[in-house]
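Given the sequences, and given the hints that come with them, work out the whole structure.
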Amino acid sequence: METNFIIAGFGGQGVLLAGTVLANAFMLQGKNVTWYPCYGAEMRGGTVNCEIVVSDTEVSSVHKQDTDYALVLNQQSFDRFVQRVKKGGTIIANSTLVEKTKPRYDIHYVFAPMGEIANSLGTSKVTNVVSLGVLSSACEIVSKEFLAKGVEKVLGEKKRDLLPLNNKALALGAEALLQKA
Amino acid sequence: MQQVFSIPKSMKKDFKYTFCPGCDHGIAIRLVAEVIDELGIREDIISSTSVGCSVFLYDFLDVDCVEAPHGRALASATGVKRARPDKIVFTYSGDGDFASIGLAESMHTALRGERVTSFCINNTTYGMTGGQLGPTTMMGQVTTTSPTGRNREYYGYPIKVAEHIALCDGTAYSARVALDSIPHINEAKKAIKKAFQVQLDGLGFGFVEILSSCPTNWHLSPEGAHKRIREEMIPVFPLGVFKDITENK
Amino acid sequence: MTEEKVLIKGNYAIAQAAINAGCQCYFGYPITPQTEIGEYLSGKMQELGRAYVCAESELGAINMVMGAVATGVKAMTSSSSCAVSLMQEALSYAASDELPVVLVNVMRTGPGLGYIYPAQGDYNQAVYGGGNGDYKLIVLAPSTVQECVDLTYRAFYLAQKYRNPTMILADGLLGQMMEPASFGEYPYPEVDVSSWALTGAKGRPARTIYSVATEEKKQIQHIYDLHKKFEVIAENETSYEEFNTEDAEFILVAFGSMTRNIKAAMNVLRAQGKKVGCFRPITLSPFPYKNIKALAEKGKDMIVVEMNMGQMLKDVKYAVEGKSQVSFVNRPCGEWLSVEEIVAAVNEIIAAKEGSISGKEMESRYATSI
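Sequences listed follow chains A, B and C, in order.
Once you know that position 165 of the first sequence is 165 in my numbering, the rest is easy, because the numbers rise by one and skip nothing.
Position in the second sequence (from 1) plus 1000 gives the number in my numbering.
Position in the third sequence (from 1) plus 2000 gives the number in my numbering.
Think of the hints as simulated: they come from the structure by calculation, not from any bench.
Treat the hints with care, since some could be wrong.
To be verified - Facing chain B, from chain C, some residues (calculated, C-beta under 7 Å):
#1 2025
#2 2060
#3 2063
#4 2066
#5 2067
#6 2070
#7 2071
#8 2073
#9 2086
#10 2090
#11 2093
#12 2200
#13 2201
#14 2207
#15 2210
#16 2314
What the hints assert, rightly or not - Computed list of lysine to any residue pairs in SDA-like fashion (alpha-carbon distance at most 25 Å, straight line):
#17 C:2293 - C:2241
#18 B:1087 - C:2194
#19 B:1190 - B:1070
#20 C:2274 - A:58
#21 B:1016 - C:2205
#22 A:153 - C:2205
#23 B:1087 - C:2203
#24 B:1012 - C:2005
#25 A:31 - C:2267
#26 C:2005 - A:55
#27 C:2136 - C:2047
#28 B:1013 - C:2203
#29 A:31 - C:2185
#30 B:1016 - C:2267
Claimed, not checked - If you want the footprint, here are the derived chain C segments under chain A, 3+ residues with CB under 8 Å:
#31 2178 to 2184
#32 2259 to 2266
Where a beta carbon is used, it is the ideal one built from N, C-alpha and C, also for glycine.
Printed below as a string of structure tokens:
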């Protein structure tokens, strides 16, 4: 059983890094996983995205036409990837920058003010980590515990001082939906 | 009886002379061999060879050689030197190899300041293929591909290699010498030695452009060819040292 | 390096594996989608006191590798498609000079400049050579990031063992993707190069490494010798993997990262009750002709799946020798053929075989006749 994710936003929002954290989390969980970025010219303007495929068996193609989950941090990415979510799939959007519209009726929508939550921590730079927190409560195969381990792994020894901030971002992201509900 | 002349020890014992009568390649290679003997570096040398008449270097010199495709001698030499910084690396090319097809590799090797030594034979023509216009062919010179002489409209201008190499910051030594007379040959040997010495001292790229005759393709006698070097080439390609970072030290 | 898995990009995996394999020199020029190899090595090689040169061009880079490996050290360069074209002259020289050059081609789209999308259009260039004369490279095609590591190790070993230029033929997808991989230790013995390496003529006659034989007889013998050597390589080193081929009626054949998709397609088709297997050459050169032929002799049909217009297809047809049917499913470049597309194509091929749609109709949809 394969599940795939697209994480997208504009350059500088840290979507590739968020994808790296998610892929590390799956790896640490003992799953097969791949991470594949859009690359080249596309990266130098407009949106950036990466795809994560997780599987209990070997991962087949790393780049797919459609996705189970789309995690989008800006409006452009929402507009583009809402069309690529599988029927019955979920799009999770940063409502700080994305209008709460529902252009299709056959998918689930999750909106959370990821940017505002990040700002409440003093920096919009952790919007990407907040978004992973939101993802963990919207998607049961994403484990909060392993996301935290993934953050730790990606930060490494050199940026260890940023760990408390990122953990806080993850936790607030994960709580965002609970508060609404 | 005192022996005053012998074949340098760095020359192979059983070589067959393959250059045309009167060609200065023989003198140039012998000078390189003498310098290698005097510096005592034969056993540490790895040479990257070129394509053109200069390729025959490995038939004459008793040193390790690796072949490089046409124009890539300096790239190959860079690889050798970076892999074995303790070895002495040199190239011996014609003007076509060094300054036409291989100009990018040659220039960048100088710019990087690779600790290698390079010799470029300038005989104002492509010798091996039978005397065509090359990068150093002089204005007005008739070749098989410039039948009415080199002109600006069709061919543009020749390159002054030693001056260009001297402009590269990585160059430690750049000189132009000639093989047309005994005094010039003696000067040439000094320059060749210096070009090796800057490598031995780890200072940077050592380069010598050597004005040489090609009697066959110039359609001149060996003597007439040397006269041409003196009267036609040297006024355009002046002899001298264009860069020497060891000066005033 | 420990056995612990790390999530790493294919390009970085190749670079780190080169370091572990003892690569002493890297020479390169940037081109998407393999630039990370040079970027990674620029820092690491300097830390380790090994050689790194930002070459002025790919011509410079490959010739620097030739110079370096001639001295007996391990060295490599990496590039992509249109720039690998610039290296073909040197590869021909390296094959003739028997220099253990290691080259990585992370394929992008061609012909010409093409674009940075992944593709598999350089099979012919890698396997049949873009340089002049009768020569062959050893070509290894990884399909996972783990294999980027394993086959980089193997490339350095084979190159020196057989004194033959060796290419790792990856693609933009593999170069750019991350996947968990473990490095372990370089698993091969060090090859003794002392009988030929250039180290200065100290206490031995001078050595010349060159491809010019001015005597005709010597040149003829040289070419025979090179080809005899390659027969030995084919005998000893041909490698492939196969899945469910025993009871299969149809065998999907792919190389490189397309392997992943045919395996997944096979699983879907098996679940639908179709007797489908997979075959995947790991060495594209030497190519596993005998093994494919053996399968064809048992009447198993081949379905070749490639991201090009039919390059490996020819080798499969050559191996099959008309003993079974060979079909082709492809896209020239860009979006990788999805598992669903492959499943649909295979189902039509099976249907055509069973007579429920005409062969002609099927051919017009999926097969490129060559």
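Hint by hint, here is what the structure shows:
1. 2025: With a minimum Cβ separation of about 5 Å from chain B (threshold 7 Å), the hint on residue 2025 of chain C holds.
2. 2060: OK, holds: residue 2060 of chain C within 7 Å of chain B, min 4 Å.
3. 2063: Status holds, d = 4 Å.
4. 2066: holds, 6 Å
5. 2067: holds, 3 Å
6. 2070: holds, 4 Å
7. 2071: Hint holds; residue 2071 of chain C Cβ to chain B Cβ min 5 Å, cut 7 Å.
8. 2073: holds, 5 Å
9. 2086: violated, 11 Å
10. 2090: Interface hint status for residue 2090 of chain C: holds (6 Å vs cutoff 7 Å).
11. 2093: Holds: closest Cβ of chain B sits about 5 Å from residue 2093 of chain C, inside 7 Å.
12. 2200: Cβ of residue 2200 of chain C sits 4 Å from chain B, so the hint holds.
13. 2201: Hint holds; residue 2201 of chain C Cβ to chain B Cβ min 5 Å, cut 7 Å.
14. 2207: At about 5 Å, which falls below the 7 Å cut-off, the nearest Cβ of chain B leaves the hint on residue 2207 of chain C intact, so it holds.
15. 2210: At about 4 Å, which falls below the 7 Å cut-off, the nearest Cβ of chain B leaves the hint on residue 2210 of chain C intact, so it holds.
16. 2314: Given a least distance of 29 Å, the restraint on residue 2314 of chain C is violated.
17. C:2293 - C:2241: This hinted pair holds, its Cα atoms lying about 15 Å apart.
18. B:1087 - C:2194: This hinted pair holds, its Cα atoms lying about 16 Å apart.
19. B:1190 - B:1070: violated, 28 Å
20. C:2274 - A:58: holds, 20 Å
21. B:1016 - C:2205: holds, 18 Å
22. A:153 - C:2205: violated, 56 Å
23. B:1087 - C:2203: holds, 15 Å
24. B:1012 - C:2005: violated, 56 Å
25. A:31 - C:2267: Since the Cα atoms of residue 31 of chain A and residue 2267 of chain C sit roughly 19 Å apart, the hinted pair holds (cutoff 25 Å).
26. C:2005 - A:55: holds, 16 Å
27. C:2136 - C:2047: It is violated: about 35 Å lies between the C-alpha atoms, which goes past 25 Å.
28. B:1013 - C:2203: Measuring from Cα to Cα gives roughly 16 Å; hence the hint holds.
29. A:31 - C:2185: Since the Cα atoms of residue 31 of chain A and residue 2185 of chain C sit roughly 24 Å apart, the hinted pair holds (cutoff 25 Å).
30. B:1016 - C:2267: violated, 69 Å
31. 2178 to 2184: holds (count 3)
32. 2259 to 2266: holds (count 5)
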